[in-house]
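K.L.:
Dock chains B, C, D, E and F against the given chain A, drawing on the hints supplied.
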Amino acid sequence: MKLGILVNEGPYTHQASDTAYLFTKAAIEKGHKIQRVFFYHDGVYNSNRLTEPPQDDRHIVNRWAKLAKDHHVDLVVCVAAALRRGIKDENLQEGFRISGLGQLVESGIQADRLVVFGD
Amino acid sequence: MKLGILVNEGPYTHQASDTAYLFTKAAIEKGHKIQRVFFYHDGVYNSNRLTEPPQDDRHIVNRWAKLAKDHHVDLVVCVAAALRRGIKDENLQEGFRISGLGQLVESGIQADRLVVFGD
Amino acid sequence: MLHTVNKSPTERNTLESCPKHLKKGGAVLLMEDGVYGALKGTASTKLVEQALKNYPIYALYPDIEARGVQDRVINGIKLVDYSGFVDLVVEYPTVQAWL
Amino acid sequence: MLHTVNKSPTERNTLESCPKHLKKGGAVLLMEDGVYGALKGTASTKLVEQALKNYPIYALYPDIEARGVQDRVINGIKLVDYSGFVDLVVEYPTVQAWL
Amino acid sequence: MTEATGGIEMDENTSGKVKKFLYVNRKAPYGTIYALESLEVVLIAAAFDQDVSLAFLDDGIYQIMKGQHTKAIDVKNFSPTFRALEGYDIEKLYVEKESMEARGLKEEDFIVPVKVLSTAEMAELMQTQDVVLSF
Amino acid sequence: MTEATGGIEMDENTSGKVKKFLYVNRKAPYGTIYALESLEVVLIAAAFDQDVSLAFLDDGIYQIMKGQHTKAIDVKNFSPTFRALEGYDIEKLYVEKESMEARGLKEEDFIVPVKVLSTAEMAELMQTQDVVLSF
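Residue numbers (our numbering), protein chains in the order written: chain A, 363 to 481; chain B, 363 to 481; chain C, 39 to 137; chain D, 39 to 137; chain E, 17 to 151; chain F, 17 to 151.
Only chain A is shown next, with the shape it has when bound in the complex (with noise of 0.2 Å):
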């Protein structure tokens, strides 16, 4: 099954980036299709390249990235909500890529199911 991702909060902050991978991942082991990711309102944080949380921490960006990395996963930040928290192309982690929100409507249309995570 193709399953698109909804993820509305920053990282660390609010579980929901946590829960979101770890279902994107559980997803992906059990054979479904990630339609996207996309990334929304705080949720654009979890593409933020500085990132460096504490060394017996998870890295929940490095841990997105890998999974575009590994499984070709389309990890989309949309722009305007990009713009606004200051996430450009400079500070974009490799493995994610800016775009409109179209992306999401696409998502909701393409995927048969769109999994909202967030607050």
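Be aware that one or more of the hints could be misleading.
[Unchecked claim] Stretch-level coverage of chain D by chain F, calculated; a stretch enters the list once three of its residues show a Cβ under 8 Å from a Cβ in chain F: (1) 43 to 51; (2) 67 to 74; (3) 105 to 116.
Keep in mind the hints are simulated off the structure, nothing from the lab. Computed from a predicted structure; not experimentally measured. Backbone N, C-alpha and C define an ideal beta-carbon position, used for all residues, glycine too.
P.N.:
Leaving out everything else, chains B, C, D, E and F in the frame of chain A:
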């Protein structure tokens, strides 16, 4: 009177940083001294130099920076919270400085009032 | 002691918890989405009117006006602007934000 | 339709609002702080037990265990892990997150 | 804002498919940005010719209050945008009756014409959607 | 973490002043980071020799539940840190009785010894502080 301010939330997403700013500005206009504004949790995002809101919207980051410039307000971003969220010298707006949590405790000790703005 | 409440009473439990912790010399400031707690004819009106009998309750007028509820404020709630908010902070020896 | 609730019933109104909107073929998944709604002996237990009579209720076990409440889950609530969460999303034709 | 109807790895065309999209609004305006950014999605979605509905319940109904004046909080008043939705052929706006009553609100308090639904009807509306978005 | 007791524009010395600091914990752990980052402040504050108290009420009391196992959510279990507070001379931990009862919790459910207060006593505690921090 000497006032300390704590901002726990990021710009735009929660009204906390707007209210904190408008409170701080009003306090200065009334002749009070702002001992420090401390940015913690997602509050550290208030210092992101790359922030670019829509042209018809307020620029929250620059608004704080102007307060620092015009009134010598000490804007301190918590280093631990900032690293976890990808705020570093390279994307820090002028007028803010990164320092330790001790600066918040110090505000509690030195200021006559500590006013907290959060979610 | 000044207690600030910034969340709507129909979304969070803040406005339910805060008034139980008021003591003589205490006051409440409703701000941001907390101003929905300042309104007549809602599910939380009674609770607020009850607290109002014993403690002063203030509401931040810029937030009231932003939300289009300026004609619905409970009688007895005092309206302040940001300057008035500063005065309240100065007047009361401590401030507690109910986050 | 699968409804997800991720907030504590004693902090937000989500768990109060969601069950009123269940229809035949609906189910609820409690996750993150929403798992506090899956517990026995709390102020919201009755509400959840009532919903459980008509609809399946699931809770995300990793979140239950993280919060140290593994021995307090209401009888009849089904525990799932992330893999089981995926299965639920596949099983129900739509998902609504109660944010 | 960049409009992006095309993207990489698009494995099928979106044209022709019409799905029922429901935008669920449960949060008040201004205290958080969710209401505003939700509306931004709705405006973009209009270009995709889908079957769009908006549901307002709980504190979400405060989004469409008349008489919002945001100058003093220095935030843009976005409530007039709800009136512009008609021009985008988005005309299905639903408000839950129980949420109105708990807040002492009447239909004439809203900035746009809405259809008032009972809780049971709102549940029915939710159940019959293909995609439910909440923020 | 950089420890910074000195800063620019310090216009008076902090040594010698002892204020009553109350850290109010009203949020559950893990769903949001507030509980963890609040605890990080408490640990730093210990170095300042102030009179520190911690209050747990509403969902905040869930922070000190015994038996937390966070491996499956891939988040660090910080509850043992509460047991380390004693070593920092932070020994005044208060829990509100009414909050315990609403959640069916007893003193033995907590990972640290606490003093249980009635709502009136909690209100009294709050009233007698110099600085109240909440996150």
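K.L.:
None of the hints should be skipped; say for each whether it holds.
P.N.:
Each hint tested on the structure:
| no. | hint | in the structure |
| --- | --- | --- |
| 1 | 43 to 51 | holds (count 5) |
| 2 | 67 to 74 | holds (count 3) |
| 3 | 105 to 116 | holds (count 6) |
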